[in-house]
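Colleague: Hey, can you work out the whole structure from these sequences and the hints?
Chains as they are written, first to last, in UniProt numbering: chain A, 1 to 217; chain W, 1 to 217; chain S, 1 to 217; chain F, 1 to 217; chain U, 1 to 217; chain Z, 1 to 217; chain P, 1 to 217; chain R, 1 to 217.
The set of hints was computed from the structure by calculation and includes no laboratory data. Computed from a predicted structure; not experimentally measured. All C-beta atoms in this analysis are idealised placements derived from N, C-alpha and C, irrespective of residue type, glycine included. It is possible that some hints are incorrect.
As the list claims (entries may be wrong) - Away from chain R, derived, C-beta distances all over 12 Å, residues of chain U:
1. GLY16
2. ASN40
3. HIS44
4. ALA59
5. PRO82
6. ASN215
7. LEU217
Unchecked claim - A few chain S residues that face chain W, going by a derived Cβ cut-off under 8 Å, partial list only:
8. ARG14
9. ILE137
10. ASN138
11. ASP141
12. LEU160
13. LEU188
14. SER189
15. GLY194
16. ALA196
17. MET198
18. ALA209
19. VAL213
Said to hold, decoys possible - Derived, one-sided and incomplete: chain A residues facing chain S with beta-carbon distance under 10 Å:
20. LEU72
21. THR96
22. SER97
23. PHE100
24. ALA125
25. TRP128
26. ALA172
27. GLY173
28. GLY175
29. VAL176
30. ALA177
31. GLN178
32. ASN215
33. GLY216
In case you want the letters, here they are:
8 protein chains.
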Amino acid sequence: MDHGILFDHSRTARIGLPETVFCEGKPFEALVELLSRFGNGSGHPILFTRLAPEVFAQAPEAIRTGYDYHPLSRTAFGDTLPPKATGKVAVVSAGTSDSFVAWEAARTLAYLGIEHKIFEDCGVAGLWRLAERLEEINTFDALIVVAGLDAALTSVMGGLTPKPIFGVPTSAGYGVAQGGKAALASMLSSCAPGVAIMNIDNGYGAACAAARVVNGL
Amino acid sequence: MDHGILFDHSRTARIGLPETVFCEGKPFEALVELLSRFGNGSGHPILFTRLAPEVFAQAPEAIRTGYDYHPLSRTAFGDTLPPKATGKVAVVSAGTSDSFVAWEAARTLAYLGIEHKIFEDCGVAGLWRLAERLEEINTFDALIVVAGLDAALTSVMGGLTPKPIFGVPTSAGYGVAQGGKAALASMLSSCAPGVAIMNIDNGYGAACAAARVVNGL
Amino acid sequence: MDHGILFDHSRTARIGLPETVFCEGKPFEALVELLSRFGNGSGHPILFTRLAPEVFAQAPEAIRTGYDYHPLSRTAFGDTLPPKATGKVAVVSAGTSDSFVAWEAARTLAYLGIEHKIFEDCGVAGLWRLAERLEEINTFDALIVVAGLDAALTSVMGGLTPKPIFGVPTSAGYGVAQGGKAALASMLSSCAPGVAIMNIDNGYGAACAAARVVNGL
Amino acid sequence: MDHGILFDHSRTARIGLPETVFCEGKPFEALVELLSRFGNGSGHPILFTRLAPEVFAQAPEAIRTGYDYHPLSRTAFGDTLPPKATGKVAVVSAGTSDSFVAWEAARTLAYLGIEHKIFEDCGVAGLWRLAERLEEINTFDALIVVAGLDAALTSVMGGLTPKPIFGVPTSAGYGVAQGGKAALASMLSSCAPGVAIMNIDNGYGAACAAARVVNGL
Amino acid sequence: MDHGILFDHSRTARIGLPETVFCEGKPFEALVELLSRFGNGSGHPILFTRLAPEVFAQAPEAIRTGYDYHPLSRTAFGDTLPPKATGKVAVVSAGTSDSFVAWEAARTLAYLGIEHKIFEDCGVAGLWRLAERLEEINTFDALIVVAGLDAALTSVMGGLTPKPIFGVPTSAGYGVAQGGKAALASMLSSCAPGVAIMNIDNGYGAACAAARVVNGL
Amino acid sequence: MDHGILFDHSRTARIGLPETVFCEGKPFEALVELLSRFGNGSGHPILFTRLAPEVFAQAPEAIRTGYDYHPLSRTAFGDTLPPKATGKVAVVSAGTSDSFVAWEAARTLAYLGIEHKIFEDCGVAGLWRLAERLEEINTFDALIVVAGLDAALTSVMGGLTPKPIFGVPTSAGYGVAQGGKAALASMLSSCAPGVAIMNIDNGYGAACAAARVVNGL
Amino acid sequence: MDHGILFDHSRTARIGLPETVFCEGKPFEALVELLSRFGNGSGHPILFTRLAPEVFAQAPEAIRTGYDYHPLSRTAFGDTLPPKATGKVAVVSAGTSDSFVAWEAARTLAYLGIEHKIFEDCGVAGLWRLAERLEEINTFDALIVVAGLDAALTSVMGGLTPKPIFGVPTSAGYGVAQGGKAALASMLSSCAPGVAIMNIDNGYGAACAAARVVNGL
Amino acid sequence: MDHGILFDHSRTARIGLPETVFCEGKPFEALVELLSRFGNGSGHPILFTRLAPEVFAQAPEAIRTGYDYHPLSRTAFGDTLPPKATGKVAVVSAGTSDSFVAWEAARTLAYLGIEHKIFEDCGVAGLWRLAERLEEINTFDALIVVAGLDAALTSVMGGLTPKPIFGVPTSAGYGVAQGGKAALASMLSSCAPGVAIMNIDNGYGAACAAARVVNGL
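Modeller: What follows is the structure, given as structure tokens:
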């Protein structure tokens, strides 16, 4: 079986975002082969997402040493893109259970060379935590809002900032919140205007959406 | 065809809440017969809910004059229960589209003889409107929170008050919010503790739930 | 990676309910750090919910000895809040499969210092079991009704008691009952008036809702 | 356009149930042609279901006089099948909103020549109404239980009778109960053993299922 | 923790069906205690359903020897009820993947003392297999039809037999058929009249429904 | 407002199927303008689908006379494509309620110049009606099977013919069958191999799929 | 009944987007009162969305003359905000059925004073129509992509442009596409990176999201 | 327990497609017995699908050596059918995650003796990869298009080729794409005409559908 995936290297030129390897569901052999090609110093900085710690741990050590791996976000990259001179992105998350998604967004921004900062534990059940940081958050050029359960943070943020907002519902929760459909529906129905939404747990996509904004500054 | 519904007159003794006529889906002849029995001065104060204006308008005038009818909430009653000496309930709603449900709750409280007040336009996209009224809202013994779309108001209220809260999702909205399922899921997933939820648009039920609390004071 | 969660210690003052740690989905290291801070005698009585036996068993013994841990309900706390002088809550459940939720509610009430009692095996397929205990159940100030499958117990209870009722659907069941959506829909559609509902399996939330009622007595 | 439907006249011999015309969605011309063929005295007793009053009213009077039409159940037939000597069926319904389905079942039984009786307003929010009639209900050979909303009546009946039970969820209700899916799921999840279920609003099918039982006595 | 479940021993007298232990989701200790009470010769013939082989295998051997255990159907009983003199039930299934449900029905019938026979591999993609056995199937007093995927067998059987039919959709399948919702919807929508349906995989319930018919003969 | 739709006239060359006007949801003025351009003799044979009788009736008579309009299928065309020399398609439908979809398929085939025949009332509740026509049906090169409710006909046909089969679920039905989702799921789950499925009520698409087969003969 | 809605006039200062009146579901009297306050020259340019032609037509002529009303998009405004000096937005739509949403976006941009252009009929079934316009589309600062059915246009655009993209699924379609859920799921699942999504038919929201981008240039 | 499945050996004669063993969910003993009967040289070439590598590995080596087993597609066969002289099928897939389905289709075609070729990595986010191969793809007689996520490839292909197309949605993806329902809905809603769809992950079925086309050439 041949795992020689056709890489779309012209994509960066076309849309400003290099191709990425989504690891979940790919055979282990294919992942190892890809990891062996894009490590530190390869000249091709590629981002690996949804790369589970137990999978990465099974790769040969010689390959692993070429990567900056982050277990909570399940991301790895050898090199990053060159740092961008302008534009910075805030990642605001509601609770501890949302961290893995917030960090996937942050790590993608790091890989793309975009300045960023994470603001955690801003859930609306304790509004004062958000209020204290609002002024700083409003100095960023785009906001990524990560929340599960009722996802009320997205609407509250939407009423407090003029910046582009990309909401990411998370699969954290149980009962009707299980899997993130409640959070997704809540975000899409937001009573605040102009809040745009990504697929459930798609921190990577939110970072790319924010990058499209930063790229145009 | 006989419309002689068996009334459960012992219910008030048993659970403290008299039987009610839910009018939607009942044949017009049956409704007229029931209206003819429970008007002003009949000695049996009965609440009619979901009684559409165009239906009520077709009832004979002699019957209509025996009723206090409120078109927005689609409720009617002849007499109310005796006023309760203790306990009062706040009805807090997010937007104008939620009014018909907030008023169904308020009218049910009026019928049950419970002191109450409506606080409208408290949606979280403009938090200052809620903040200005919070102190007054917290003087009530139970809160009914009515909201559609993302229903974020329920979670915000849940983090700001120690009172019993009964959330009512509304069917206002379109797309994924259509029919109220998004609001319902959002409320059930609330990140604030101890918020209890009613069926979509069930302002009547929320008033009954609040009445159960007031009855125990 | 830092797990220093921002605790909302002012929450007790604001809403009468202290913050809680929902353990499912949190990294093990974060849980151990939190457990190490709030054990018996720490002066900060914190409730841990959804703490699986196999996870708790892996914590260092020195930490575990500071906790009252209950495996069926998956709850742990070091100290409880001071006992409340007034108000008591009944937890009524339908079948053995619903016990883990009924006990999560009961343990939360214990932690909050609220008097309570569990009434198990009251499912409607054998109505005499409920009938025998009804009089005693009606001496409590609020009822938590826990049921899966058709959740018919909620409606039957709603027709037999004037007390505040908080229904908790459980995920017990298979086929269309799998995951608790059938029980949830059934409870929200209850033909009995004024029954308020929590998310699936949310025994903790029902206890908080009942505590809001007891707090106001 | 030709509406000459191929009638399956051998069906009665094969399965003991004659073919029926489900009128909803059929063109008016086709219905009139069919009605013109099977009226009183035609020798072919055919049942028409879901025949709306406003549609029947538009048929020529000469055709209408050949039919026994019942508007609430939306059923019509010219002649009935010969009365059966043995077996009788009880139709038990929860509330007034369920009447149109209970009557569709009763009318189908009448057309099939089966003895039957309707017991209305037996909903579980007032259990005494059911208790008073239970002994009589248990003299029937098969029970049809019609209920919407939480459909709790099915489970309660299932725990009180040894007879075959056919549950019919109704589309009566609003919010999560709208369209009958909540009642259907509740019935399928019944905690009482051996309760079999029909499609939503399918009173006709329940009567046929009961007829299969009566046919075997 | 006490697992002393309240047994409803009067149920047999009331509805002709003894109480049953549904094992899935019950703690192992509770199951062992129950198994220790109702083995062969105990005088209380109790049926255990959804008792997984790996769970049963962990029970002490002294307990296991008191039971007739059947792994495919995951059922166990010590003694059976006395054989009934009249009435027999056919269990007809579509494919091999449906066997575990067909056997749960058959084993329940065995436990209830009712004569029965299984007819497997009757799926409609090869109609001749059904045609060959139709005459024999029609000698039974009630039919249980077990099918997954499109569940077309239920409709075909419904057009070929006058007997009471209880359809059981199975969870066998993948894609849209996964979990049995497609089969359930197909059965409830059957174009054949008077086919009554059970919850997904509920072979036990179908046997009880058939027993209600046989009990009345 | 300009309704000048960009027609894709090269589509016929590219994929062998000319562009079509789906009329539902288009403004009346736009439809009239389009109808005025493609009538009999215009040299551009265009098919109009989902053109409701009450809409077509409002078009000017001068325009209507240029069209062959068929109300049951809601289709219109001026000219047809030239008749194809080879290949013929059978349209097999289950019940009268499925006719509007079967005729949409047939009319599309007529417009495409493909020989075809409709076989109606072949539902599986009366298998003999299908059996009588099977030999003739098997002389066609591709089959379109139209069925609602349980859609069992698709599986039965799939086990009786080697020809390409395109199943079209219809929205006919009520309860769980309402809107056609049950029929769609049943068809996609068919136990017969190699049956391919179209969107609900998409008779037009099925005709195009069959045309792709006929085009390759 | 008082319709005096609390306007959030500070919103423009806070988030750069003035408050808007969503007309669907609001009582006619309330709409007329609002229209009477914000017409041409009132000094308060307010946007009315979802204002149906038949509703607007019933307003007094004196009020209507103060508004620029656009029936396809169902929008009205008296004055617009001052034109912005920088930034322009492209609205790209797939088919004629999507026009009402594309125009709601365009009209909102007009009201907000943002330069924009609509590109219609770019659906992927005829890729050449999109290819011809791609270069021009890429001169805009943000793109709104409006599509129903399979919504494939969003993914194709996402692979061809580096600009921020806001996808709006439309409710156009039938069968599984009915109501827009298929298009919404398709857009959220887009295989192109960084595409952000709005609620179904929410052209207004997409314009606000694009305005947030333009505001930051 | 007897696993003697009734094989439908006449099926090949009837519909041109031999019976197949779907292994998922079948007991291990039954699979081994079946594998022991149909290995290389048995004279009965049978295809086994959904045969997991870990299951196949547990079969006795003497049995395994009689099979051509392919782990990615989870298929096995001893012999193939005789090669067909005419007709060839292209399998076009969008991404690496879709390979297991594309290979199930290809392996089924190999077993059926039909010439075929796989075209991988043709996803629409990089249209040039598809464009380069389009001419070759159009030399095949039928196309199988395999795609997950937004499944946009199906619509794009449908606009570029006149050949019969069978779309197979895959379960690859997360969030709203999880399980393949988004891809399925997108394919069924395709804006390209005449695209027919299979159940999620049903590569086997698509190969059978294509075989029905090839059989008729």
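Colleague: Tell me if the interface restraint on A:ALA177 is satisfied: Cβ within less than 10 Å of some Cβ in chain S.
Modeller: holds, 7 Å
Colleague: Per the stated criterion, does the least C-beta distance between U:ASN40 and chain R lie above 12 Å, as a non-interface residue requires?
Modeller: holds, 22 Å
Colleague: Take the shortest C-beta to C-beta distance between A:SER97 and chain S; is it under 10 Å?
Modeller: holds, 5 Å
Colleague: Verify the interface restraint on A:PHE100: the C-beta must sit less than 10 Å from at least one C-beta of chain S.
Modeller: Result: holds, 9 Å to nearest chain S Cβ.
Colleague: Go through the hint on S:VAL213 and say holds or violated, using the shortest Cβ distance to chain W against 8 Å.
Modeller: holds, 5 Å
Colleague: Would the hint on S:MET198 be counted as holding, given a Cβ-Cβ threshold of 8 Å to chain W?
Modeller: holds, 6 Å
Colleague: Would the least Cβ to Cβ distance between U:LEU217 and chain R come out above 12 Å?
Modeller: For U:LEU217, whose nearest Cβ neighbour in chain R is about 31 Å away, the distance exceeds 12 Å, so it holds.
Colleague: Report holds or violated for the interface hint on A:VAL176, using the least CB-CB distance to chain S and a cut-off of 10 Å.
Modeller: holds, 6 Å
Colleague: How about A:GLY173: closest beta carbon in chain S under 10 Å, or not?
Modeller: holds, 9 Å
Colleague: A closest beta-carbon separation below 8 Å is what the hint needs, so does S:GLY194 meet it against chain W?
Modeller: holds, 3 Å
Colleague: Going by Cβ atoms only, is A:ASN215 closer than 10 Å to chain S?
Modeller: Violated. Min distance 30 Å.
Colleague: Given S:ALA196 as an interface hint, is the shortest Cβ-Cβ distance to chain W below 8 Å?
Modeller: holds, 3 Å
Taken one by one, the earlier hints fail for this structure at numbers 9, 10, 32, 33, listed in ascending order.
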